[in-house]
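Working from the sequences, and respecting the hints, build out all of it.
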Amino acid sequence: MWCDNCLLLLPLRAGAMAWGVIIALYSIAGGVFLLEWGQYLFFVFPEWQIYGGIALAIGATAAISVIALSNRSFLWTRVSKLIWPFVIVISAVRAIIMIVELQRGKSNIAWECENGGQLWTASAAAGYGGSTSFPSGFCTAGFSSIYAAFIGGLIVDLVFQLYMFFLVWRYQKRLQHYQNMQGPFGGGTSAFLFLSSSIYPLSLRNSLDPLRLLLLGYAMFCPPVSLHPHVCSIPHLAPLYSAFWDPVSIRDPCRQQYNTQRPVALAPTLAHHFHFRRPSESPFILCSIIYHPPNCDRKL
Numbered sequence: 000m001w002c003d004n005c006l007l008l009l010p011l012r013a014g015a016m017a018w019g020v021i022i023a024l025y026s027i028a029g030g031v032f033l034l035e036w037g038q039y040l041f042f043v044f045p046e047w048q049i050y051g052g053i054a055l056a057i058g059a060t061a062a063i064s065v066i067a068l069s070n071r072s073f074l075w076t077r078v079s080k081l082i083w084p085f086v087i088v089i090s091a092v093r094a095i096i097m098i099v100e101l102q103r104g105k106s107n108i109a110w111e112c113e114n115g116g117q118l119w120t121a122s123a124a125a126g127y128g129g130s131t132s133f134p135s136g137f138c139t140a141g142f143s144s145i146y147a148a149f150i151g152g153l154i155v156d157l158v159f160q161l162y163m164f165f166l167v168w169r170y171q172k173r174l175q176h177y178q179n180m181q182g183p184f185g186g187g188t189s190a191f192l193f194l195s196s197s198i199y200p201l202s203l204r205n206s207l208d209p210l211r212l213l214l215l216g217y218a219m220f221c222p223p224v225s226l227h228p229h230v231c232s233i234p235h236l237a238p239l240y241s242a243f244w245d246p247v248s249i250r251d252p253c254r255q256q257y258n259t260q261r262p263v264a265l266a267p268t269l270a271h272h273f274h275f276r277r278p279s280e281s282p283f284i285l286c287s288i289i290y291h292p293p294n295c296d297r298k299l
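Going by numbering that gives the first Met the number 0, 178 is the number at position 179 of the sequence shown; the sequence numbering is gapless.
What the hints contain is simulated information worked out from the structure, not anything from laboratory work.
Every residue, glycine too, gets a C-beta built ideally from N, C-alpha and C.
One or more hints might be untrue.
[To be verified] Computed beta-carbon distance windows for the label pairs:
1) S69 with S132: 37 to 43 Å
2) V92 with I21: 35 to 41 Å
3) F149 with E113: 17 to 23 Å
4) S69 with Q102: 40 to 46 Å
5) I95 with F32: 16 to 22 Å
6) L8 with A121: 44 to 50 Å
7) R71 with S106: 18 to 24 Å
8) I95 with A124: 25 to 31 Å
[Stated by the list, open to error] Mimicking SDA-like on lysine to any residue, the simulated pairs with C-alpha atoms at most 20 Å apart in a straight line are:
9) K172 with S72
10) K80 with F165
11) K105 with I89
12) K172 with I95
13) K80 with R169
14) K80 with G37
15) K172 with V78
16) K172 with L74
17) K105 with G37
18) K105 with L153
19) K172 with R77
20) K105 with P134
Set out below in structure tokens:
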């Protein structure tokens with residue numbers, strides 16, 4: 000059995016979305032900073048533009064992951080899972096090069112700070128400068144602080160990316176596991192067969208009732224999963240059911256064989272206690288139904 004909650008600091012889908020938003024925000028901010036002021040820290044054209052472009056690519060990848068998770072898209076979640084390893088490797092290589100280049104250019108950075116934030120003479124002569132000047136806060140902090148902050152930030156960035164990849168992989172596996180489930184299990188009847196053959200609420204006799212057709216449509220798109228024998232639950236339609244009738248009764252599918260009628264009361268309030276929910280976790284979607292007819296060997 001797989002573990003859906005291992006190594007999770009937050010709920011899987013919502014936590015992954017929040018994690019992705021954080022990565023997107025600081026990556027885009029870092030990319031803009033490098034594109035705007037990178038020439039004051041790096042002195043080989045166009046390395047600061049490459050570093051900034053990679054940062055923006057990381058932010059875009061995180062944004063794609065957030066969109067995929069928010070839409071519960073199996074396709075785009077898988078695309079994100081495939082992209083992240085490449086992004087992480089590129090980020091690791093970038094981090095090493097940035098650290099080396101910062102150490103190599105520390106004397107140039109010190110000169111810039113001593114001369115009021117002017118661009119290094121060779122860079123200015125090559126036309127790398129723009130309308131901006133070197134932020135005075137960097138000079139106040141000193142090169143050692145800047146160097147330590149860059150190293151720490153790059154390491155934290157890699158850790159965040161690795162964990163984001165894990166979250167996307169974990170969610171994609173959850174979708175895959177549930178989509179691969181095949182029913183019925185243990186002699187049960189799959190959701191759409193159960194509905195089409197035996198869901199006759201006592202208050203609704205018409206087989207062409209619009210609500211019943213709506214339930215049938217929902218059921219056909221949901222993977223059936225096994226609940227406890229003799230238990231039928233419609234967790235994601237609990238508010239809808241409560242609005243139309245309470246309690247809901249369903250006739251036993253064996254009534255024709257045994258000439259009996261065994262109403263099975265639905266318990267919407269117990270729906271949240273079942274863990275066999277659709278991976279999308281979307282409300283009002285009928286999914287978690289497998290009915291085991293009591294003492295009934297006849298196939299529906």
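A quick look at each hint next to the structure:
Taking the beta carbon of each, S69 and S132 are about 40 Å apart, inside 37 to 43 Å as hinted. Remark: the range hint 35 to 41 Å for V92 to I21 is contradicted by a beta-carbon distance near 23 Å. A C-beta distance of roughly 20 Å is found between F149 and E113, which places it inside the suggested range of 17 to 23 Å. One distance hint, 40 to 46 Å for the beta-carbon pair S69 and Q102, holds here, with the actual separation near 41 Å.
In this structure the hint that I95 and F32 lie 16 to 22 Å apart at CB holds, the actual value being about 20 Å. Checking the proposed 44 to 50 Å range against L8 and A121 shows it holds: the Cβ atoms sit about 46 Å from each other. Taking the beta carbon of each, R71 and S106 are about 53 Å apart, not inside 18 to 24 Å as hinted. As the Cβ distance of I95 to A124 is approximately 29 Å, the hint placing it in 25 to 31 Å holds.
The straight-line distance between the Cα atoms of K172 and S72 is roughly 12 Å, inside the 20 Å bound, and the hint therefore holds. A threshold of 20 Å between alpha carbons decides the hint, and for K80 with F165 the separation of about 8 Å falls inside it, so the pair holds. Distance hint between K105 and I89 is unfulfilled; the C-alpha atoms sit about 24 Å from each other, more than 20 Å. A hinted pair counts as satisfied when its Cα atoms are at most 20 Å apart, and K172 with I95 does not qualify at roughly 32 Å.
Taken as a hint, the K80 and R169 pair is honoured in the structure, with Cα atoms around 9 Å apart against an allowance of 20 Å. Proximity of K80 to G37 is assessed by CA-CA distance (about 30 Å); at most 20 Å being required, the pair is judged violated. Taken as a hint, the K172 and V78 pair is honoured in the structure, with Cα atoms around 13 Å apart against an allowance of 20 Å. About 12 Å separates the Cα atoms of K172 and L74, which keeps this hinted pair within 20 Å; it holds.
Proposed proximity of K105 and G37 is supported: the alpha carbons are some 14 Å apart, at most 20 Å. For the given pair, K105 sits about 18 Å from L153 by alpha-carbon distance, which is consistent with the 20 Å threshold. Between K172 and R77 the CA atoms are separated by roughly 9 Å; this keeps the pair inside 20 Å, and the hint holds. Under the criterion of a C-alpha separation no larger than 20 Å, the hint pairing K105 with P134 is consistent with the structure, at around 16 Å.
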